[in-house]
Amino acid sequence: MKKLGVYIHIPFCVHKCSYCDFYSVTNTLLTEDYFSALKEQILNFKSYLKDWTVDSVYIGGGTPSCVDSKYIVDIMETLKSVVKFVEKPEITIESNPGTLDTKKIKDYLNCGINRLSIGLQSADDEELKMLSRIHDKSAFESAYMLARMLGFKNVNVDIMYALPGQKEETLMNTIDYVTSLDPEHISFYGLRVEEGTPLAAREDLLEKIPDEDAQYNMYIHAAKRLEKAGYSQYEISNFSKKRMMCRHNCRYWKSGDYIGFGPGAASYINGELYSYTKDIQSFILKPTDFFVNIEKSEKLTIRQQATQYVMLGLRLARGVEAKEYKLRFGRDLEEDYGEKLEKYIDMKYAKRTDKGFRLTRAGLLVSNTILSDILDFDKK
Amino acid sequence: MTDRNLIRNFSIIAHIDHGKSTLADRILELTDSVSKREMEEQILDNMDIERERGITVKARAVKMAYKADDGKTYEFNLIDTPGHVDFNYEVSRSLAACEGALLVVDATQGIEAQTLANTYLALDNNLEILPVVNKIDLVSADIEGTRKEIEDIIGIPASDCPCVSAKTGLNVKDLLERIVTDIPSPSGDENAPLKCLIFDSYYDSYKGVVVYVRVQDGKVRAGTRIKMMNTGAAFDVVEVGYMSAFGLVPSDEISAGEVGYITASIKTVSDTRVGDTVTEESRPTETPFPGFKKAQPMVFAGIYPEDGADYEALKDALMKLQLNDASLTFEPETSVALGFGFRCGFLGLLHMEIMEERLEREFDLDIITTAPSVIYKVIMKNGETRFIDNPAVYPEPDEIDEAQEPVVDANIIVPTEYVGGIMDLCQKRRGIYVNMKYIDPKRAELKYILPLNEIIYDFFDSLKSRSKGYASLDYELKGYMPSSLVKLDILINGEKVDALSFIVFSDNAYTRGRKIAVALKENIPRQLFEIPIQASVGGRVIARETVKAMRKDVLAKCYGGDITRKKKLLEKQKEGKKKMRKLGSVEVPPETFTAVLKMDEDE
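From first to last, the protein sequence lines stand for chains A and B.
Under this note's numbering, the first residue of the first sequence carries the number 20, and numbering increases by one thereafter.
Under this note's numbering, the first residue of the second sequence carries the number 11, and numbering increases by one thereafter.
Derived by calculation from the structure, the hints in this document are not laboratory data.
A hint or two may mislead.
Straight-line alpha carbon distances no greater than 30 Å define the calculated DSSO-like cross-link-like pairs of lysine-lysine that follow [said to hold, decoys possible]:
| hint | chain 1 | residue 1 | chain 2 | residue 2 |
| --- | --- | --- | --- | --- |
| 1 | A | LYS362 | B | LYS567 |
| 2 | B | LYS582 | A | LYS315 |
| 3 | A | LYS362 | B | LYS582 |
Please take these sequences and the hints and turn them into a complete structure.
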């Protein structure tokens, strides 16, 4: 049976963070209608999914923890009724510390959710305010403790760097604080100012964002600090304890199959990429209408699938592997990329491994420059 | 055909902003050539760029009918002239087609450098000059002072000259009467052999070249076999007619004394040299017009397509522009940095800027222009004399016996309170003081010999900023003078970039080199390695800057939904890279060249 990941989008937020450009709305009046539409969409895929077995589920958003947990439980039941699961699937839910409570956590655990991701971002309340997050450090701490107490054995904590006004020192404090709580997984990613977000219009904050060199130092030093605390880096922005990598996200980076539900969700299945329109109203009206909801779809040739494999695989610390490349796409990795990567290997941005290629930490940090140079999606 | 005695051919000469275009509008209105409703603002200036810059670049002509107080209807031919010093040549050819000129002087400003220069051109052409004092509606207008100035400085009577407000239309009707009475009607013999003066031409994609002519003798009609006496080319006339405010109006014939156009399926403007004489092939005139001096380009620059694939399109565009503008010259050149392009010659910096804008707007081309250069004269040790318009081919210092640069006689009129600042500017621009005299208690006329090289950058802007806009400049090429010149090279990552080399006065080399290095540093994006930028003279580095290595370029969060987006982002980045110019291993965005070359030359 082919393994599949499932992504479920919960596009609701109590309040939109100033930097976020994921699709979400703050109108909670739509909650009831949204979930019945979501259910309808999932049910509609029953026959399409009959050959697949799910081994990871990711409930993301928005803020999945901001809606009543009965909806989440209901969706989990629906999902289980349409598709088979492996014995020990990884089922993650994203949460905001300000919206978690005992009932929700218990409900999550009871319906099979076994991994909790908590968006802390920073342990510095000043920095949190600048991001217009709704929680503070103490709210995070109680949510974290509660989740542990009630039984979550796999917890991820999000940390951000390159925040307005952030200093290397405050970042290190955040890292030390989080590692002292001993979560299994830490996502450590840089703030990106996305067009159209409120942050992009805040000149006063933008000018406080650390410059490129400072960001570089933050990243390199934080990564070392995390490693010292027992977390090894397995992807540009992801660190985990041994064998605690996020299975679902690894699926993205290994170019595995996944299906998404809900507006704004994306799928990559059988070599085809498609994503749903970011429009909750039309989704609620016609959740099963493919034409209403599909924003774009693209059938990739084997060659393009191979290119995508390299694009994503080079995000991973282990890099891309020649054997897998050959097996999946029937192509020779050395032939396709050996020469192109040579100069980056000389500059110590890339390395040859015994299995293929990988980027060094400095290379990961400039991966867009390298990837845009070596990849060619036009080659079909 | 109009009775020759009822024809008046005239131009308007004025300094920029003295109201020439507004006056032309009023005249068009009063002669019912256009109604108020139809009046597009300043109809004579019908190129976008002219409209924006408020100047007339190319000569235009228009025929009007005026019913005078004596009950007769006169044919007025207004031939427009450019006001900027770059276009002196175009002024002279327009003036030669007229019998008279209206000399418009702003009553609040008085006479300016260009007013003088254009007046002298009109006098050279034996034109009757009718002074017109304009802007008398303004509170600060000094009518008597302006009249006196015209009499004192130019030496023509102005005590009874028309005083108008082109803006409000006040007294413009009187001016029209004075055109009838003061400007002579054309002479000429319509039975004599055909003799026409070409004063302008442009390429029209339907008609071929449209030739603007002033008919001196004889007549021309469709079917006439004509010959250009200078080039020898012969054509069968397809159409003749007049220029109305709205375009060409065909007629049966045009004859002695009249201004009109001829089309004859002519493919290139080079067959229709301005100043040439058009005659009938079978019965040529025995007295052709004396040939005009060909407009000489004074400023040269390389023009390259941003995208190398646009080379042919650029060539095509330059050829089309040349069809309308014989003073534009170009020939292919190659640059290591910029690839294939053209070395272009212009009348001046304004002419160059207009051509750049037209290439970008009318032909939708993205272009890179290298630093403008004048033509240097180099006397080699072996006695050979070379003229160099491209820094890339400037000889090595040890081969040069003497270097010379072109200088101009500059004439600057400036209010007395700014004289100090302007003299300081001229001094800084290596000017040689010739003399100064007071035109009136408030204004002085300064004469300097200035290197042309110093004028072509931003001299005009500096002049304006140091005089709150009041100083005016006119200049004329004087010749060559020995000078201490060096070639400044720019090295990016150790490699010389030919497109950034230029010739500079040796004392200025350090300052210029530093500025360019700094500008490059600011414009070259960080790359995966550190990039040294050096300015050097004769192999000696005089300035250095460094573009630091890029440290971070990554999409941090990359989950399911992001994959398509990330792909797009990388593809866009790849697309952007394709546009980059490769200088060795360094990628430079094409805009860099323009940004560096256009950097401000503050003092």
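Now for the hints, and whether the structure bears them out:
In summary, the hint linking LYS362 of chain A to LYS567 of chain B is supported, as the alpha carbons are separated by about 26 Å, within the 30 Å threshold. For the suggested pair LYS582 of chain B and LYS315 of chain A, the alpha carbons sit about 18 Å apart, so the restraint of at most 30 Å is met. At most 30 Å may separate the alpha-carbon atoms for a hinted pair to count; LYS362 of chain A and LYS582 of chain B meet this at roughly 22 Å.
This entry satisfies every hint, going by the numbered hints stated previously.
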